[in-house]
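Q: Taking the working numbering, the leading residue of the sequence shown gets 1, the next gets one more, and so forth.
It should be emphasised that the hints constitute simulated quantities derived from the structure, not laboratory data. Quick caveat: nothing in here was measured; it's all calculated off a predicted structure. We put the CB at the ideal spot given by N, CA and C, even for glycine. Misleading hints may appear alongside valid ones.
Here are the simulated distance ranges between beta carbons [claimed, not checked]:
id	residue 1	residue 2	range
1	ILE252	ALA382	24 to 34 Å
2	GLY574	ALA382	27 to 37 Å
3	GLU591	SER527	19 to 29 Å
4	ARG224	SER527	57 to 67 Å
5	GLY107	GLU64	35 to 45 Å
6	SER527	GLN152	43 to 53 Å
7	TYR103	GLN152	22 to 32 Å
No more than 30 Å apart at the CA atoms, straight line, and that leaves these computed lysine-lysine pairs for DSBU-like [unchecked claim]:
id	residue 1	residue 2
8	LYS69	LYS52
9	LYS541	LYS387
10	LYS373	LYS38
11	LYS541	LYS466
12	LYS373	LYS387
13	LYS466	LYS38
14	LYS373	LYS536
15	LYS69	LYS466
16	LYS82	LYS52
17	LYS38	LYS82
18	LYS82	LYS536
19	LYS69	LYS82
20	LYS541	LYS38
21	LYS373	LYS541
22	LYS373	LYS466
23	LYS541	LYS82
24	LYS541	LYS514
25	LYS82	LYS387
26	LYS536	LYS514
27	LYS536	LYS52
28	LYS514	LYS373
29	LYS82	LYS373
30	LYS387	LYS536
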Amino acid sequence: MKFVKRALVAIAYVGAATFGPNLLAEQMQSSKEAFAEKPVIYQIFTRLYGNKVDTNVPWGTIEENGVGKFNDINEQALNALKDLGVNYVWYTGVLHHAVVNDYPELGLVSDDADVVKGRAGSPYAIKDYYSVNPDLATDVTRRLEEFDALVQRTHSAGLKVIIDIVPNHVARNYISLNPPDGTIDFGANDDTSLEYARENNFYYVPGQSFVVPSSPDYEVLGGRAPDAVDGTFDESPAKWTGNGARSSEPNIGDWYETVKINFGVRPDGRFDFDTLPASYNSRTVDEVVAYWNARSVPQSWQQFLAIAEFWLERGVDGFRFDMAQMVPVEFWSYLNSNIKAQYPETLLLAEIYEPHRYRDYLYRGRMDYLYSKMEIYDALRAVMEGKNGVGRIREAYESHSDIDSYMLYFLENHDEQRIASQAFMGSGEAGLPGALTAILLGRGPIMLYFAQELGEASDEDAGFGKASRTTIFDYWGVPTHQRWMNNGLFDGGQSTASELGLRRVYRQAIELLKQHDLSNWDTQFVSALDVDGGDKVLAFKRCGLEQCLLVLANFATTHVDLSLSESIRTLISGSSQVLNSISDPPAPTLEGSILNLPSQSVSVWLTEH
1 MKFVKRALVA IAYVGAATFG PNLLAEQMQS SKEAFAEKPV IYQIFTRLYG
51 NKVDTNVPWG TIEENGVGKF NDINEQALNA LKDLGVNYVW YTGVLHHAVV
101 NDYPELGLVS DDADVVKGRA GSPYAIKDYY SVNPDLATDV TRRLEEFDAL
151 VQRTHSAGLK VIIDIVPNHV ARNYISLNPP DGTIDFGAND DTSLEYAREN
201 NFYYVPGQSF VVPSSPDYEV LGGRAPDAVD GTFDESPAKW TGNGARSSEP
251 NIGDWYETVK INFGVRPDGR FDFDTLPASY NSRTVDEVVA YWNARSVPQS
301 WQQFLAIAEF WLERGVDGFR FDMAQMVPVE FWSYLNSNIK AQYPETLLLA
351 EIYEPHRYRD YLYRGRMDYL YSKMEIYDAL RAVMEGKNGV GRIREAYESH
401 SDIDSYMLYF LENHDEQRIA SQAFMGSGEA GLPGALTAIL LGRGPIMLYF
451 AQELGEASDE DAGFGKASRT TIFDYWGVPT HQRWMNNGLF DGGQSTASEL
501 GLRRVYRQAI ELLKQHDLSN WDTQFVSALD VDGGDKVLAF KRCGLEQCLL
551 VLANFATTHV DLSLSESIRT LISGSSQVLN SISDPPAPTL EGSILNLPSQ
601 SVSVWLTEH
């Protein structure tokens, strides 16, 4: 792998207010041209996706509960995703992370259960960035080849591949089995006598050993394997924990299974590197690369560039960057400019929860897309649960309307509660006003979590993973998806009528956004003077040069009689309805100037401009 040398000095944070109003559009245009169509991302939790075993014993072993393999994601599965309208697949949990499982073929013994969350382990406790999780391979000695074959199958189906990079932290026991020539393992050259050194990969607590956290409310492995648990983990000196906890004995609520990576940020928060001058915010990728080439950077920066290059060379098409806000934006400038200079079509997506930093991560960080969690997700959820009126959605949209093309909309992922769970909406159908709004409202990409389109509820505790979120820590089967999977046919042969009906609605909505290229259509909210449905009905139009889609989403649990202005009544009466999310009760009926909209339903009309 290539390591490019660069040097850095502490300078104060340069905020987004420094940037001119048109810089973003100019700077990002060449990047956006790399994406021929609006990304529709389908997140697959790889360990669960192909699992056909439905035993579902809490804290179950791999033998009891089974595990999905790369080979289970076959041509039929990928063609079905293509038919749904997907064009990117985010394979979550493919990198080799800590697991409670022996692999004698590889000379690997089980990771210490005291610092593994669950039995199958967190996919965000990476222990080897140059390998994949052996749990996912049919032949663990050929696990990388099996992943390569999955990438090839995905490409053959007309889909692109995204995987995670988790730069903020790694597993406590990180070690690469077969690192490429010229690479350096994290921590291999650290001076462990120092809390901080610029070229150290980790932060240390000198003179103190790590103490495993405990809690009266938590038993490792659910108490099922007492011989594997002794309450100790050999780490001396102790390292800082992944979420930044500096004690040698982190709290049980900390990310204690991981350790934080040092990116050249001193313990007092000062930077040991230069910041990119504001004048570079509108410069080309090559100019940004040249800037960093003239400097040296902390070793960790170089190591993550090597990791990204390794996977791009294997055919990966994009990265989802975990907790990007916890890493300095200058690192992202360095990493992403180098990626784009070599692989300009790479999709770079940042998980970030600090809205005041969005534009900085786009301008300087050179991200393609950012999560709209604090805005659109939170607003949709509040309205769906009856905590706010639909005006909250408009406020959320307008808070980042200038960068809406770069914001990812979603209602489910591995961190969020399932829409159909009892903790959220109770059924997939009840969640359609929010889910379809997320698909149709914005100009940026959208994301679905596997089995969302089938109404998966995940209402059981899996062990470490608790009800309402599909577990990412345990071996488990996902019932709605297993019925759709139909023993590897992926044709819905065992799905219920309601599951298939829900999937049809999702498919129709995605087809609309692609058919009309909504990445280029304006969003216009309809005035309450034109559509009066109180604070429970969201009305908006997506308009191109000649046509518009008029979307009416009723978030109320009862039907609503919408009072329409003459212009809207005329528009609807002369237009065709292209999506109706509900068939029982029947589709909306227009009587004079009153449109009866069924409860928790969405209706879309294709109208003249």
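Q: Now tell me if each hint is right for this structure.
A: Evaluated hints:
Judged by the Cβ atoms, the range 24 to 34 Å given for ILE252 and ALA382 holds: they are separated by roughly 30 Å. Our hint of 27 to 37 Å for GLY574 and ALA382 holds, since their Cβ atoms are close to 35 Å apart. Separated by about 22 Å at the C-beta atoms, GLU591 and SER527 satisfy the suggested range of 19 to 29 Å. At about 59 Å, the beta-carbon gap between ARG224 and SER527 stays in the expected band of 57 to 67 Å.
Between GLY107 and GLU64, the C-beta spacing of about 25 Å breaks the proposed range 35 to 45 Å. The beta-carbon spacing between SER527 and GLN152, approximately 51 Å, falls within the hinted interval of 43 to 53 Å. For TYR103 paired with GLN152, a C-beta distance near 25 Å keeps the hint of 22 to 32 Å intact. For the hint pairing LYS69 with LYS52, the CA-to-CA distance comes to about 10 Å; that is within 30 Å, so the pair holds.
Taking the CA atoms of LYS541 and LYS387, the gap is about 24 Å. The hint holds against a cut of 30 Å. Distance hint between LYS373 and LYS38 is fulfilled; the C-alpha atoms sit about 19 Å from each other, no more than 30 Å. Note on LYS541 and LYS466: the hinted pairing is violated, with a Cα-Cα distance of about 39 Å set against a maximum of 30 Å. For the suggested pair LYS373 and LYS387, the alpha carbons sit about 17 Å apart, so the restraint of at most 30 Å is met.
Between LYS466 and LYS38 the alpha-carbon distance is near 34 Å, which puts this suggested pair outside the 30 Å criterion. Restraint check for LYS373 and LYS536: satisfied, since their Cα atoms lie roughly 21 Å apart, inside the 30 Å limit. Note on LYS69 and LYS466: the hinted pairing holds, with a Cα-Cα distance of about 23 Å set against a maximum of 30 Å. Under the criterion of a C-alpha separation no larger than 30 Å, the hint pairing LYS82 with LYS52 is consistent with the structure, at around 22 Å.
Of the supplied pair hints, the one linking LYS38 and LYS82 holds, its CA atoms being roughly 14 Å apart against a limit of 30 Å. Distance restraint check for LYS82 and LYS536: the Cα-Cα separation of roughly 34 Å exceeds the 30 Å cut-off, and the hinted pair is therefore not satisfied. Of the supplied pair hints, the one linking LYS69 and LYS82 holds, its CA atoms being roughly 20 Å apart against a limit of 30 Å. Straight-line distance between C-alpha atoms of LYS541 and LYS38 comes to about 18 Å, which keeps the hinted pair within the 30 Å bound.
As the CA atoms of LYS373 and LYS541 are separated by approximately 22 Å, the hinted pair is consistent with the 30 Å bound. About 21 Å separates the Cα atoms of LYS373 and LYS466, which keeps this hinted pair within 30 Å; it holds. Between LYS541 and LYS82, the direct Cα distance comes to roughly 27 Å. Compliance with the 30 Å bound is thereby established for this hinted pair. A distance of roughly 16 Å separates the Cα atoms of LYS541 and LYS514; the hinted pair therefore holds under the 30 Å criterion.
Pair hint LYS82 plus LYS387 does not hold up; C-alpha atoms about 36 Å apart against a cutoff of 30 Å. Taking the CA atoms of LYS536 and LYS514, the gap is about 27 Å. The hint holds against a cut of 30 Å. Restraint check: the Cα-Cα separation between LYS536 and LYS52 comes to about 41 Å, which exceeds 30 Å; the hinted pair is violated. Annotation: proposed proximity of LYS514 to LYS373 holds, straight-line Cα distance about 23 Å (limit 30 Å).
Of the pairs offered as hints, the one joining LYS82 and LYS373 holds, with about 26 Å between alpha carbons and a cut-off of 30 Å not exceeded. Restraint check for LYS387 and LYS536: the C-alpha separation of about 11 Å stays at or below 30 Å, so the hint holds.
Hint compliance for this structure: hints 5, 11, 13, 18, 25, 27 are not met, and every other hint is.
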